[in-house]
Amino acid sequence: MSRRPYLNFSYFPGCSLATTAAEANESIKEAAKVLGFNLLELEDWNCCGSSSAQTMCKNLSLGMAARNLSLAPPGRPLVAMCPRCLHYLRSAQECLRSSPEVHRAMEDHWGRPIPLDLEIIHFMEVLVRHGLDRLKVHLQRSLQGIRFLPYYGCTLFRPPRFQKEKYFQGEMENIMKMLGAEPVPDALAFRCCGSFLSASDPEIVTPLVNEIIDSAVAAKANCVITACAMCQLNLEIRCTSKAKIPIFHFSEVLALALGAKDYEEWWPRHIVDPRPLLEDLKLVA
Amino acid sequence: MSLPKLQAQSKSRDFPAVEISQMNRSLAADIRERSGTQFQRCFQCQTCANGCPFVQAMDYPPNVIMRMLQYGMQQEVLRCSTIWVCVGCHTCSSQCPMGIDIAAVMDSLRFKAVEEGVAIAKPNIIDFHEEVLRSLERYGRAHKLGIMWRYKVQTGRWFKDMDVGLKMLVKRKLELRPSRVKNIGEIAELFKCYWRESK
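Chains as they are written, first to last, in the numbering used here: chain R, 1040 to 1324; chain F, 603 to 801.
Worth flagging that the hints you see were computed from the coordinates, not collected in a lab. Keep in mind that the hints are not guaranteed to be accurate.
As the list claims (entries may be wrong) - Below, simulated DSS-like cross-link-like pairs (lysine-lysine); rule was C-alpha separation at most 25 Å, straight line:
1) F:K784 - F:K714
2) F:K784 - F:K769
3) F:K801 - R:K1068
4) F:K784 - F:K794
5) F:K794 - R:K1097
6) F:K746 - F:K773
7) R:K1097 - F:K769
8) R:K1281 - F:K769
9) F:K724 - R:K1097
10) R:K1097 - F:K714
Stated by the list, open to error - Sample of chain R residues with no beta-carbon within 12 Å of chain F, all distances over it, derived:
11) L1046
12) N1047
13) P1052
14) L1099
15) P1139
16) K1259
What the hints assert, rightly or not - Label pairs and their calculated CB-CB ranges:
17) R:N1047 - F:Q677: 50 to 56 Å
18) F:Q642 - R:E1304: 52 to 58 Å
19) F:R636 - R:E1221: 42 to 48 Å
20) R:G1209 - F:K794: 28 to 34 Å
21) F:E717 - R:A1324: 55 to 61 Å
22) R:D1312 - F:S800: 44 to 50 Å
Glycine included, every Cβ here is placed at the ideal spot set by N, Cα and C.
Work the whole structure out from these sequences, hints included.
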């Protein structure tokens, strides 16, 4: 096998992965290392602004996302793991593109250039573009026996103004199938997890989360794999259904298939313990 | 051959009467400008209402908001709970056969409601967003434990959700220490903004 070159990416972890979803951050780094992707954390990044800035103050929302764009070194794509961060970073870039005065004002304000051709992509796009043949070479543990509901999170491909941008539907299934796992059809893969209502109005969110999990169980899935750390959290903490199945971060399952060894640290951070399933399938010792 | 029966709406809704004299004729143009979407195309097919995961928690389904906007019913659309319950998941926007970005309309209505200072139908949601912003102002990043602690104490909902909070703490899902931006001066600059100054 010829050695493939390392590919460099700027990496935007986002607030969830930096703290509450540390297991997603650790697993994505392990997977990237095996696949030869160099994820260089964006120096001194800040929160993308999230729904809260978007709701309360348009300028703040744009400013927070734009500061991150001003920190990105040119010449390498900016990779986000959280669909919501991806969405706000792209929205800000879109806004700067359409309004040269605002763009100039932002550049002057930070004293740094903000390149408008910076590519902003989700980690899944990195895999699809550069990693599919690498996946086959580095597969260490086949995921045979994993029957999963692919859960994308609402913002990964939805908003109409990004309709011409990268489209991710089906990519998680393609990647996981290559690793031996089997997606279930006919479950609520695109139903919103409730987002911030999970914190402010849990009574609205619980029945919705139960519906999602019940649909996965009815389709005979033994787990859910999410592309979004907030969805992962909401699906875990707001589920009151009797049937409980583990909710994995996409990166955890990916890293596991690629032979990750540090997974002992990840599972205790889950509210629904995935170890019985993984032990049953002989995926972990 | 019989057609499949449509499921009856589980709860019947009362919609407000349209008072011609109360119509605000500039509302539609204002929201069109803010949202950049053509909601006058809406012909009430109700695809948005059928797809919205949160419609049961709203006082008006999204299609009714579109109609009320067309009619210029400013008080109704700014005071409703719908605009606050909407989390912007874009299910409606992606399914609308007329290509209306309904989520963007909701977004514009939230801003206008805050600007106009009308009574907010779901003040607890604003409280939550403000706690998040205070955390961002302090650290440059969101610190979930701090946000949830202050939000729950402030709204008196702490005990309601205690079991979940404790479970998250045990699982280290709520980090004790925040992750911070080093150049906090740049973050302070950002917060010289409408939200801070309107306080």
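We went through each hint and held it up to the structure:
1. F:K784 - F:K714: violated, 34 Å
2. F:K784 - F:K769: violated, 31 Å
3. F:K801 - R:K1068: Roughly 41 Å between the alpha carbons, so the hint for F:K801 and R:K1068 is violated.
4. F:K784 - F:K794: holds, 18 Å
5. F:K794 - R:K1097: At roughly 13 Å apart (the allowed maximum being 25 Å), R:K1097 and F:K794 satisfy the hint.
6. F:K746 - F:K773: holds, 14 Å
7. R:K1097 - F:K769: Since the Cα atoms of R:K1097 and F:K769 sit roughly 35 Å apart, the hinted pair is violated (cutoff 25 Å).
8. R:K1281 - F:K769: holds, 17 Å
9. F:K724 - R:K1097: holds, 20 Å
10. R:K1097 - F:K714: Holds - the C-alpha atoms of F:K714 and R:K1097 are around 12 Å apart, at most 25 Å.
11. L1046: holds, 26 Å
12. N1047: Holds, because the least Cβ-Cβ distance between R:N1047 and chain F comes to about 22 Å, which exceeds 12 Å.
13. P1052: violated, 9 Å
14. L1099: With a cut-off of 12 Å, R:L1099 comes too close to chain F, as the shortest Cβ separation is near 4 Å.
15. P1139: Its Cβ never comes within 12 Å of chain F, the nearest being 18 Å, so this holds.
16. K1259: Given that every Cβ of chain F is farther than 12 Å from that of R:K1259, nearest at about 23 Å, it holds.
17. R:N1047 - F:Q677: 50 to 56 Å: The hint (50 to 56 Å, Cβ to Cβ) holds, given that R:N1047 and F:Q677 are roughly 54 Å apart.
18. F:Q642 - R:E1304: 52 to 58 Å: holds, 54 Å
19. F:R636 - R:E1221: 42 to 48 Å: holds, 45 Å
20. R:G1209 - F:K794: 28 to 34 Å: With a Cβ separation near 44 Å, R:G1209 and F:K794 fall outside 28 to 34 Å, so the hint is violated.
21. F:E717 - R:A1324: 55 to 61 Å: With Cβ atoms ~59 Å apart, the hint holds.
22. R:D1312 - F:S800: 44 to 50 Å: holds, 46 Å
Violated hints, listed in ascending order, are 1, 2, 3, 7, 13, 14 and 20; each of the other numbered hints is respected by the structure.
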